[in-house]
Amino acid sequence: DVQLAESGGGLVQPGGSLRLSCVGSGFTFSSYWMTWVRQAPGKGLEWVANIKQDGSEKNYVDSVKGRFTISRDNAKKSLYLQMSSLRAEDTAVYYCAGRGFYFQYWGQGAQVTVSP
Amino acid sequence: DIQMTQSPSSLSASVGDRVTITCRASQDISNSLAWYQQRPGKAPKLLIYAAGRLESGVPSRFSGSGSGTDYTLTISSLQPEDFAIYYCQQYYSTPRTFGQGTKLE
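Protein sequences appear in the order of chains L and D.
Numbering (this note's numbering) for the first sequence: 1 to 116.
Numbering (this note's numbering) for the second sequence: 1 to 105.
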C-alpha cells in the first residue's frame, strides 16, 4: 500500500522555525514531483511548494517565498519543509502530497500552530 | 496566478439527487483540472484528473467535464458517504491553485 507519513509538527512562537518531514512508501518516490499543501483551520486547501524528482527545480507560493525551503532525499524516500520566520497565518495542517502535479497520494497531515 | 472559483460554496441535497458543482478558471487551463473530496478530519481524496478521467477505485457516479475555463463535477445519484467538501485544482501552471471548496450537505 502507498503511504505518506508526515512528522515534525507542533507549537512554535511567531518568528520561530520548524522542520516537517514526510516519508513515502509503496511507490517509486524518486520518480515523482512532490508537494506540500496546507489547510488553515476551517479553511480550504492551499498549495505551498513543490520539488522536482531530482531536486533541481523548486516552486513556492508567494506568501512563503524566502521563509520556507522544500527539499528531498530520495535515498531516504523523504520530503522536507523547513519553515522559518513563522507567522500566525502559517497555522495549518500541512499535507505531503504526490505524485506529479495533481495528487493521487496524501499523508495524514501534520499540525503546525504558530502562537505566543 | 490562476484563480479558481467554485460555485456554489454550499449545496443542500438529498440521497439520490443528481448534483453539479462548477469550477471556473481565470484563464484557459487546457483540461489540467483535478477534483478532490474531503471528509471531516481526513486528507483529500483524488476523484477526477484531466478534467474528465476517473481515478481508479472511484465510483462511476462521479464524472467530470468541461474545457477552457469552465469545468463541472457531477454526482449522478448521491450516496450518504458523498456528503463532504469538494475542491477543484488546476495544474496548468505554478502555483497550482485550488478552488475555495463546495460543501455538500
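Keep in mind the hints are simulated off the structure, nothing from the lab.
It is possible that part of the hints are untrue.
Among chain D residues calculated to face chain L with C-beta under 8 Å, some are [stated by the list, open to error]:
hint	residue
1	S30
2	P44
3	G101
Stretch-level coverage of chain L by chain D, calculated; a stretch enters the list once three of its residues show a Cβ under 8 Å from a Cβ in chain D [as the list claims (entries may be wrong)]:
hint	region
4	13 to 23
5	83 to 90
Restricting the straight-line Cα-Cα distance to at most 27 Å, the calculated cross-link-like pairs of lysine-lysine (BS3-like) are [said to hold, decoys possible]:
hint	chain 1	residue 1	chain 2	residue 2
6	L	K77	D	K45
7	L	K52	L	K76
8	L	K76	L	K43
9	D	K42	L	K77
Virtual Cβ for every residue (Gly too), placed ideally from N, Cα, C.
Hints, verified against the model:
1. S30: violated (13 Å)
2. P44: Constraint on P44(D) satisfied, holds at 6 Å.
3. G101: holds (4 Å)
4. 13 to 23: With 0 residues in contact (Cβ-Cβ under 8 Å with chain D), the coverage given for the region 13 to 23 of chain L is violated.
5. 83 to 90: Check failed, 0 qualifying residues.
6. K77(L) with K45(D): holds (22 Å)
7. K52(L) with K76(L): Distance ~16 Å between K52(L) and K76(L) Cα, so the pair holds.
8. K76(L) with K43(L): At roughly 32 Å apart (the allowed maximum being 27 Å), K43(L) and K76(L) break the hint.
9. K42(D) with K77(L): holds (23 Å)
Taken one by one, the earlier hints fail for this structure at numbers 1, 4, 5, 8, listed in ascending order.
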